Amino acid sequence: MREYKLSRIKRWLLSLTTDEDMCSSIREDLEYRFTQDRKKRGFLRAKILNTFQFFIIIVPLLIESIFGGLAMLKNYIKIALRNIKRHKGYSFINIFGLAIGMTVCLLMLMYVVNEISYEDFHEKRDRIYRINMDWGTEGSKMKFAGTMPAVAPALNSEIPEVEVAARVRFNDEMIILNSQNEKIKESRIFHADPEVFEIFSWKLLRGDEASAMKDPFSIIVTQKIAKKYFGNDEPIGQTLNINDNLYRVTGLLKDLPTNTHLRCEILVSYSTILSLGEYPEQPWTQWGDDLTYFVLRENSRLNSVKDKLDILLNQNTGKWFTDKMDLILQPLSDIHWDTESRGDIGVKGNIIYVYLFLSAAILVLIIACFNFMNLSTSRYLDRMNEIGVRKVVGANRTQLIKQFLTESLLVATVSMICGIVLFNLLNSSLYSYLDASFVSSSSHFQYLYGMVVLMIIIVGLMAGSYPAWFMSKFHPVDIMKKSIMKGSVKLSFRNVLVVLQFAISIILILGTIIVYQQIAFMKNTDLGFDKEDVVLSYLPFSNPQAKEKYPVLKNEFLKHQSVREVTAVYTVPGINSQYNMSVRKKGAGNEESMTIQALPADFGFVKSMGLEIVAGRDFSEEYALDNRESAILNEMAVKMFGFEAPVGEKLQIYGNREVTIIGVVKDFHVKSLHSKISPMMIYIDPKFFLLMATKIQPENAESTLTYLENVWKTILGEEEFNYRYMKDAYFSFYDSEEKTGKLLSIFTGLALFISCLGLFGLASFLTNNRVKEIGIRKVLGATVRGIAVLYSKEFTKWVILSNIIAWPVAYYSISMWLKNFAYRIELTPLPFVISGAVALLIALITVSFHALKAATANPVDSLRSE
Amino acid sequence: MHFLSRIEEILLLSIWKLKDNAFGISIREQVEKDTDAKWLSGAIYAPLSRLKKNGYVKTKRAKGSTDLGGRPRIYYTLTPLGEKKLRSIQELNKVMWAEVPDMK
Chain A
1 MREYKLSRIK
11 RWLLSLTTDE
21 DMCSSIREDL
31 EYRFTQDRKK
41 RGFLRAKILN
51 TFQFFIIIVP
61 LLIESIFGGL
71 AMLKNYIKIA
81 LRNIKRHKGY
91 SFINIFGLAI
101 GMTVCLLMLM
111 YVVNEISYED
121 FHEKRDRIYR
131 INMDWGTEGS
141 KMKFAGTMPA
151 VAPALNSEIP
161 EVEVAARVRF
171 NDEMIILNSQ
181 NEKIKESRIF
191 HADPEVFEIF
201 SWKLLRGDEA
211 SAMKDPFSII
221 VTQKIAKKYF
231 GNDEPIGQTL
241 NINDNLYRVT
251 GLLKDLPTNT
261 HLRCEILVSY
271 STILSLGEYP
281 EQPWTQWGDD
291 LTYFVLRENS
301 RLNSVKDKLD
311 ILLNQNTGKW
321 FTDKMDLILQ
331 PLSDIHWDTE
341 SRGDIGVKGN
351 IIYVYLFLSA
361 AILVLIIACF
371 NFMNLSTSRY
381 LDRMNEIGVR
391 KVVGANRTQL
401 IKQFLTESLL
411 VATVSMICGI
421 VLFNLLNSSL
431 YSYLDASFVS
441 SSSHFQYLYG
451 MVVLMIIIVG
461 LMAGSYPAWF
471 MSKFHPVDIM
481 KKSIMKGSVK
491 LSFRNVLVVL
501 QFAISIILIL
511 GTIIVYQQIA
521 FMKNTDLGFD
531 KEDVVLSYLP
541 FSNPQAKEKY
551 PVLKNEFLKH
561 QSVREVTAVY
571 TVPGINSQYN
581 MSVRKKGAGN
591 EESMTIQALP
601 ADFGFVKSMG
611 LEIVAGRDFS
621 EEYALDNRES
631 AILNEMAVKM
641 FGFEAPVGEK
651 LQIYGNREVT
661 IIGVVKDFHV
671 KSLHSKISPM
681 MIYIDPKFFL
691 LMATKIQPEN
701 AESTLTYLEN
711 VWKTILGEEE
721 FNYRYMKDAY
731 FSFYDSEEKT
741 GKLLSIFTGL
751 ALFISCLGLF
761 GLASFLTNNR
771 VKEIGIRKVL
781 GATVRGIAVL
791 YSKEFTKWVI
801 LSNIIAWPVA
811 YYSISMWLKN
821 FAYRIELTPL
831 PFVISGAVAL
841 LIALITVSFH
851 ALKAATANPV
861 DSLRSE
Chain B
1 MHFLSRIEEI
11 LLLSIWKLKD
21 NAFGISIREQ
31 VEKDTDAKWL
41 SGAIYAPLSR
51 LKKNGYVKTK
61 RAKGSTDLGG
71 RPRIYYTLTP
81 LGEKKLRSIQ
91 ELNKVMWAEV
101 PDMK
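Those protein sequence lines, which keep their order, are chains A and B.
For what it's worth, the working numbering labels the leading residue of the first sequence as 1, then goes sequentially.
For what it's worth, the working numbering labels the leading residue of the second sequence as 1, then goes sequentially.
Next up, chain A with everything else stripped away, as it sits in the complex:
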C-alpha cells in the first residue's frame, strides 16, 4: 500500500496557522484517518473526506490566528454588515460595480480557459505530434496538415523512437439513412487506423480498442450518434447505411469534449478505404491528405525521428520529390493555433484574441477594484468617529487593517454572488450574441469554482488594501480634534487611480474605434470584383449526377429574364478553398516551375464576377480551344512570370498540358484582406466544378430565386437548393473581427460605466470637502458658472493626463492587431483625439452633477456653523 502523505500545499497552509508541534500532530491525525477511511470507503472517497476534515481543522485555526478567535471575526462582520445597510446607495454602487467587473472577468476567463485547454485531455499530449507537409519551391511554399498515406505505417515499422502512429482522414459530408429511411447529412466522419486509441485518450464505453477498428466497414459511434440513430437500443452490432454502404457498429465512444480539433462523431475503420479500392497500394509518391499522428517514445529525441523520416523519404521517392517536400513534425498543442495549414480541421484559435481577452479581463477587474478603493476611501470621514473610538479603546493598527480587509472581503463575496447570478444570466445570451461555440462544454466549469474563490480573495485583498492602510493611519488625537476634516488630506494616490481608470477606458474606446474602422475598411475596399447579386450554390457532393447535369441547369437558369450570367467554378471569393498548381513557362525546366493559385471556372466567370480585363479577351464559346487550352492570368501572375506581353504566351501545367494565355484581369481579392493577392490563373476545366455562381438582377430577387429553386429541384430530383449570396459569404471572412468589435464595445461600455461610478464617488467626496471654500467664494461674489468651471478644471487635467498615458499603449497594441491584415487602415490621430474627447465629455458630465450642486447651494447652509 502506498504511504499517504499530506500534500505540500496543505502542510504549508497548516504551518501558517500554528506552530510546528501542532502541525505534526494534525498531520499524523489526518494521515491516520485517511488510512482508516481508505480501508472502509476506498481511495477516492477517503481523499474527498480528507480534504473536508482538513478544512474543519484549518478554518478555526485560521480564524484563531488572524482574528484571535471567532468572537472578533463575528464583530467585524457585524460592523461590516451594519455599514453596508446604513449606506444603501453607496453600497449598491460599490457592490454593483464590483459585480459587473467580476462577471465580465469570469466571462472572458472562460473563453481564455477554453482556448488554452485545447487537447489537454489527452494523457500523452506532450508526446503527440502530427506530420505536416511543406510543399513547393522556395518562395511559394504551401503548408498542408495532412501527408501521404504511406507515412504512418512506415513510422510504426521503421522508426523505433515512435511509440505508435496512426492516420486519420477527414471526410466531406456523408449521407446516412436512419430507421425511417430519411437521408441525414453528417459531417465529422473520420477514417482512422486502429492505433488511434493508443494515441488519443478517447474512451470506448463498449467494444474493444484493439479490434474494433480492424475490419473493413466497422464503425465506432459516439453516444450522441448512437442516441440519434438507435435510440436507447444497444448500438453494438447494429448496422448503419452510410453513402449506400452498410457499416457494422463495433464500438461506442464517449462523447468528446469541444476543445479538441479532432471532434469525431463517427470513426470508420481505415481498412474500409482500401476495401473500397481507393488506394490499392500506397507508394510514397501517392499524394494524400491523411492527418498522421504519432506518439514519441518517452526519453526519445524528436530530431532523430525527423532525421530517420527524411532518410525514408529519400529512399522511397526521387529527388524531384524531396526537393519540394519537407515533412514537419508539429506538436499537438500547436495545432489549434495553426491557421496556415491547408486541409486542417477544427475551430482555429488566435493567440492574439486570447491575449486580448485576458488583458481586457484583467483591466476591467482592475478598474472595478480601483473603483472600490476610491469609493471606500472617499467615505472615510463617515468612519472617523468609529476608527477614533476603536483606537482610543485600544485597537492597534493591525486590528483595524484586519477589520477593513474583512469588510472588503465580505463585499467581494457579496459582489461575487451577484456576479455569478449575472454570469449565469448572461453567458448563454452573450455567447449566442457573439455566435461563439466555446461555452457548451461543462468540463470548464470545474475551473470556474477555482477562479471564483481566487477572484474573491484577490479582489478583496487588492481593493481593500489601500482603504485599510489609509483609514487606519490617522492618529486618534487628530481624529478627535477633527483636524483632518479641514480638507488637508492629500488626494494623490486616488488621483492616480482615476487617471489609470480613465487611461484603461480610453485604450478600450480606441480599440473599439479602430476595430470598427478596419471592418468598415475591409467592407468598403474595392475588391476588384462585383460582389453584389451573385447567388452561390454548391453542386451536391453526394449526388454524382449533379456535376453532369450542370450544363442543363445552366441552360434552364439562363431562360429566366432576370438571370444575367451563370457560371461554375472551383472557388469564388468568399469560399475558403484554394487549389494550387505548379506551372512553368513553355520549354522551361522542371526546376523553374512556380506555384500559382489555379481557379478552374466555366465561361461567363469574368462577367459574372464583374472582373476588369486589362489585356486580351475573355473566354468565349466562339473559340473552339477555349474550353481546354486557354487561360487568363491576373496581374500578379504576369508579374511573377515576368511577361512583357502576356497574351499569346504559353504555359505548361500538370500532365504536360499546355495552355495559351488569352487575357489578363485586374487583380481581385479571392481571399480575405488578411492575406495578399496571390498570382492566379483562370482556366476552363469542368472536372473541378464545385459550385455554381448565378448573377441575377437585383429587382425581384425573391421570385428569381424561387424560379432557380424549382429548376434545381426538377433537374436534380429533390436535392435541396441551398444558396448563399456571395457578398454574405465573403463578409463571413470577417466574422471574428466583427465578434471582437462587438465584444470590445461591450467591455468599453462597462469599463466606462465602472470608471464613471468611481469618478462620481470621488466628485462627491471633493464637494463635501470643499463646501466651505465654495461658500466663501460665493459670498465674495463668484458666479455659479465660475465655480462650476473651476471645479471641472481639475478633472479635465486628470483625463488629459490619462490620454497621455493611454495613447502609446493603445498605439502599440493596435499596431500588433493590425499586423493580422495584409491590407489595413493607416493609424491617424483622429481616433485618438475622439477617444480622448469622449472620455473627457463623459467625465465632465459625471462630475457636473456634483459641481452644479455645490455651486448652486446657498452659502448660508455651509457657513452657518462656523
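There are no misleading hints in this set.
No farther apart than 30 angstroms at their CA atoms in a straight line, the calculated lysine-lysine pairs in the DSS-like style are these:
no. : chain 1 : residue 1 : chain 2 : residue 2
1   : A       : K74       : B       : K38
2   : A       : K74       : B       : K52
3   : A       : K40       : B       : K38
4   : B       : K60       : A       : K5
5   : A       : K143      : A       : K650
6   : A       : K5        : B       : K38
7   : A       : K547      : A       : K183
8   : A       : K391      : B       : K53
9   : B       : K53       : A       : K78
10  : B       : K33       : A       : K47
11  : B       : K53       : A       : K402
12  : A       : K10       : B       : K38
13  : A       : K203      : A       : K227
14  : A       : K5        : B       : K58
15  : B       : K52       : A       : K402
16  : B       : K58       : A       : K10
17  : A       : K10       : B       : K52
18  : A       : K39       : B       : K33
19  : A       : K5        : B       : K63
20  : B       : K52       : A       : K5
21  : A       : K185      : A       : K203
22  : B       : K19       : A       : K5
23  : A       : K185      : A       : K224
24  : B       : K53       : A       : K74
25  : B       : K33       : A       : K5
26  : B       : K53       : A       : K10
27  : B       : K33       : A       : K40
28  : B       : K53       : A       : K5
29  : B       : K52       : B       : K84
30  : A       : K39       : B       : K38
31  : B       : K33       : A       : K10
32  : A       : K47       : B       : K38
Take a look, some chain A residues computed to stay more than 12 angstroms from chain B by CB distance:
no. : residue
33  : R127
34  : K228
35  : N303
36  : L410
37  : P551
38  : F641
39  : L716
Derived from the structure by calculation, the hints contain no laboratory data.
Source: prediction; values computed, not measured.
The beta-carbon is built from N, C-alpha and C at its ideal position, and this holds for glycine as well.
On the provided structure of chain A, position chain B as indicated by the hints.
Just chain B now, kept in the frame of chain A:
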C-alpha cells in the same frame, strides 16, 4: 479569574485522563467518545493551540524512532498551571452542584 470555554475544559480533562498517552489522535478520539461530536471533532486543534499558547498545556516530543516517517510523535501534558486550573474547575463544579436539588 480567567474562565475557560467548554471545549477547552473538555480538552484539559481528556489530556488528564489519557495521562502519558495523550497525543493528537488519542485526544480527538477521547473527545469523540465523551461528546458524540464526530464530524466536527477536528475543530479541537484550534482550542488546543490556544490552551498551549496560554500555558495550560505543553508538548513534548517522543524519544526514539517512530512510524511517522522519521517525525517524532507529539505528546501533550498539563502544565502545573493547567493542573491547578482543572482542579479549580472541579472545585467550582462541586460547589455549584452541591446546592442543586436532586434532578429527576
